[in-house]
Amino acid sequence: MRVGTAKQSYAADEGLFKTDTQKVWFGLLLAALVLFPLNGSSYWMFLAVLVMINVISTTGLNILTGYTGQVSLGHAAFMAVGAYTVAFFDGRFGTPVLLNLVLAGAVAAGIGYLVGLPSLRIKGLYLAIATLAAAVILGFIFLNWTPVTGGLRGLNVPTATIAGIELATPDRLYWLVMPITVVMVLAAKNLFRTRVGRAFIAIRDRDISAEIIGISLFKYKLMSFAISSFYAGVAGGLWAYLFRVVTPESFPALASIFFLAAVIVGGAGTIVGGIFGAVFMTLIPEFLKLSATALVPWFPDASIYLAPVRNIIFGLLIIGFLIFEPMGLAEMWRRTRRYFALWPFRT
Amino acid sequence: MSPSDSAAPVRPPAARLDVENLSLQFGGVKALDGIDLHVEPGSITALIGPNGAGKTSAFNAISGFYRPKTGTVKLDGVDITQVPARDRAKLGLARTFQNIALFRGMTVLDNIKLGRHAHLTSGVFGAFLYWGRTRREEMELRAEIERDVIDFLELDHIRNVPVAILPYGLQKKVELARALAMRPRILMLDEPVAGMNREETEDMARAILDVRDEWGVTVLLVEHDMGMVMDISDHVCVLNFGRRIAAGSPTEVRNDPDVIKAYLGGSGDPRKAALDGAAMGEVA
Numbered sequence: 008m009r010v011g012t013a014k015q016s017y018a019a020d021e022g023l024f025k026t027d028t029q030k031v032w033f034g035l036l037l038a039a040l041v042l043f044p045l046n047g048s049s050y051w052m053f054l055a056v057l058v059m060i061n062v063i064s065t066t067g068l069n070i071l072t073g074y075t076g077q078v079s080l081g082h083a084a085f086m087a088v089g090a091y092t093v094a095f096f097d098g099r100f101g102t103p104v105l106l107n108l109v110l111a112g113a114v115a116a117g118i119g120y121l122v123g124l125p126s127l128r129i130k131g132l133y134l135a136i137a138t139l140a141a142a143v144i145l146g147f148i149f150l151n152w153t154p155v156t157g158g159l160r161g162l163n164v165p166t167a168t169i170a171g172i173e174l175a176t177p178d179r180l181y182w183l184v185m186p187i188t189v190v191m192v193l194a195a196k197n198l199f200r201t202r203v204g205r206a207f208i209a210i211r212d213r214d215i216s217a218e219i220i221g222i223s224l225f226k227y228k229l230m231s232f233a234i235s236s237f238y239a240g241v242a243g244g245l246w247a248y249l250f251r252v253v254t255p256e257s258f259p260a261l262a263s264i265f266f267l268a269a270v271i272v273g274g275a276g277t278i279v280g281g282i283f284g285a286v287f288m289t290l291i292p293e294f295l296k297l298s299a300t301a302l303v304p305w306f307p308d309a310s311i312y313l314a315p316v317r318n319i320i321f322g323l324l325i326i327g328f329l330i331f332e333p334m335g336l337a338e339m340w341r342r343t344r345r346y347f348a349l350w351p352f353r354t
Numbered sequence: 013m014s015p016s017d018s019a020a021p022v023r024p025p026a027a028r029l030d031v032e033n034l035s036l037q038f039g040g041v042k043a044l045d046g047i048d049l050h051v052e053p054g055s056i057t058a059l060i061g062p063n064g065a066g067k068t069s070a071f072n073a074i075s076g077f078y079r080p081k082t083g084t085v086k087l088d089g090v091d092i093t094q095v096p097a098r099d100r101a102k103l104g105l106a107r108t109f110q111n112i113a114l115f116r117g118m119t120v121l122d123n124i125k126l127g128r129h130a131h132l133t134s135g136v137f138g139a140f141l142y143w144g145r146t147r148r149e150e151m152e153l154r155a156e157i158e159r160d161v162i163d164f165l166e167l168d169h170i171r172n173v174p175v176a177i178l179p180y181g182l183q184k185k186v187e188l189a190r191a192l193a194m195r196p197r198i199l200m201l202d203e204p205v206a207g208m209n210r211e212e213t214e215d216m217a218r219a220i221l222d223v224r225d226e227w228g229v230t231v232l233l234v235e236h237d238m239g240m241v242m243d244i245s246d247h248v249c250v251l252n253f254g255r256r257i258a259a260g261s262p263t264e265v266r267n268d269p270d271v272i273k274a275y276l277g278g279s280g281d282p283r284k285a286a287l288d289g290a291a292m293g294e295v296a
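These protein sequence lines map, in sequence, to chains A and B.
Using the working numbering, the first residue of the first sequence is number 8, and each one after it goes up by one.
Using the working numbering, the first residue of the second sequence is number 13, and each one after it goes up by one.
Do not rely on the hints blindly, as some may be mistaken.
[What the hints assert, rightly or not] Computed Cβ-Cβ distance ranges for the label pairs, DEER-style:
| hint | chain 1 | residue 1 | chain 2 | residue 2 | range |
| --- | --- | --- | --- | --- | --- |
| 1 | B | N209 | A | V109 | 42 to 48 Å |
| 2 | A | G322 | B | N209 | 32 to 38 Å |
| 3 | B | N209 | A | L329 | 56 to 62 Å |
[As the list claims (entries may be wrong)] A partial selection of chain B residues facing chain A, derived with a Cβ cut-off under 8 Å:
| hint | residue |
| --- | --- |
| 4 | Y78 |
| 5 | Q94 |
| 6 | R98 |
| 7 | F109 |
| 8 | M118 |
| 9 | A130 |
| 10 | V136 |
| 11 | L141 |
| 12 | G144 |
In case anyone wonders, no lab produced these hints; they're calculated from the structure.
Heads up, the beta-carbon is just placed ideally off N, CA and C, and yes, glycines get one too.
All chains should be built: construct the whole structure from the sequences, respecting the hints.
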């Protein structure tokens, strides 16, 4: 049992990890991430890469929706912008991978900045509809700006190549995606230790008093849109390297809902919530698929009948979360930690 | 945790506020009609009046939420009537709200830190890395707030508590703390003791006096608690139906026939005595 966490300096109290326990756990997490490829299954490696891409994207939406309180239904469109940017630059000019990813983020951030402009006048549901409209416009551009986007057929993406090594399979791509994910999640965590992150939360909680203490709503709302879209753009770029083809169908409007659901199920306004949400939303369908397959020896038709049931279970799980744990998985995680912090005593 | 050093807090000089001929209109309703208000540096000035007199409207016009129809607001002689609300923070104009306007999802410490937002400079790239200048700035901010605000208002036991779960009186105090973190030269408090019991009221009144004495800041407040107003104010300005009907020291205002009429609807001696009684009954 830990009684308290006494600190000697303000620096320790403001630290990213407040206790040694947290540092140890984070070390273990990093070790697990490094050792994960030892499982040798390319199916699991593919899932791991996909989960991490979704973690980056969900974290981005969490910054905008969970922390700044601006609901966006166009997040997948920014991922698409990132994916097309990578496909365009790598396919057309063969520019280096890391540069492409930065460009993907930057282009998405620029477009996100523009899409954020309505947020200065409208809030809540109205803003959600405005972002949805922006996503529809972007979808139209992807479909019709054929010289750049390849129109209906889309673009093929070359293999990601860094220092002569071809990252053709998920096993190799993992070593590109994993470090980027860790860095971007930590950067998001840092953001909310500073004045910029506090300004975002202030706008979410009460925009009038944010203004009175000198926070420019104009600047910070658009900054939040740009940062969020930057994350989406990078995630989209990595997605392009994973799937190697980008079409207008790659990021449907439903994908935006997917990320919004991930933010809410995970726990809006917490970094760890974004991670949990993305992992949950990506893996549960796979898990349900695997369990259906596992039943085949007993019920040969299981996969036929269970396929539609799978979606129903998935939907029910989300509804269940909204009802029983509206603060998301992050809140369950917090409660678990508190339980063990006091163990063997109970509150 | 002890304060890291005992250097004197930054004490910007108290500001002078002059409001001249301020008028504000909502459609056909004249909320303010040619208000004059002069707040001396380092004074505690109270703005009082019956409900609907225009006190909060005057506050909102002075702090920049409303654009007045006519009139000027001058801070130390500089016309700030056209300065947007968010830029007035940097000029040293801080305010609290009648119905607490804290950031409910954040801790007390983060709320107070936000008060200093306009004085900090680090940007988004520094924020991602939390290194170098950003880190230094955040550390200085923390030390300074602990020393000047949290210790001063005795909030150290709740610094990591989310604001939403605090009792009302403490929330009001946190709002004062956030306003202090803005390094104000003039502090505008909108009903700082509304809805408080006597003990909380006395606590807040003492805090306001301490702030004036130790920080040397000018205080302008709107308040309904006559006992507190008469007790701590140097200067009182009375509004009714958007007009100023009296201004002066608490004693002068208390004996002003127009004020008695506005508050009690008559001018008979027993009622005046009642107001006097209310005024002197409370000692903060």
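Hints, one by one, checked against the model:
no.	hint	result
1	B:N209 <-> A:V109: 42 to 48 Å	58 Å, violated
2	A:G322 <-> B:N209: 32 to 38 Å	50 Å, violated
3	B:N209 <-> A:L329: 56 to 62 Å	40 Å, violated
4	Y78	12 Å, violated
5	Q94	16 Å, violated
6	R98	5 Å, holds
7	F109	7 Å, holds
8	M118	6 Å, holds
9	A130	3 Å, holds
10	V136	5 Å, holds
11	L141	7 Å, holds
12	G144	12 Å, violated
Checked against the numbered hints above, the structure breaks hints 1, 2, 3, 4, 5, 12 and satisfies the rest.
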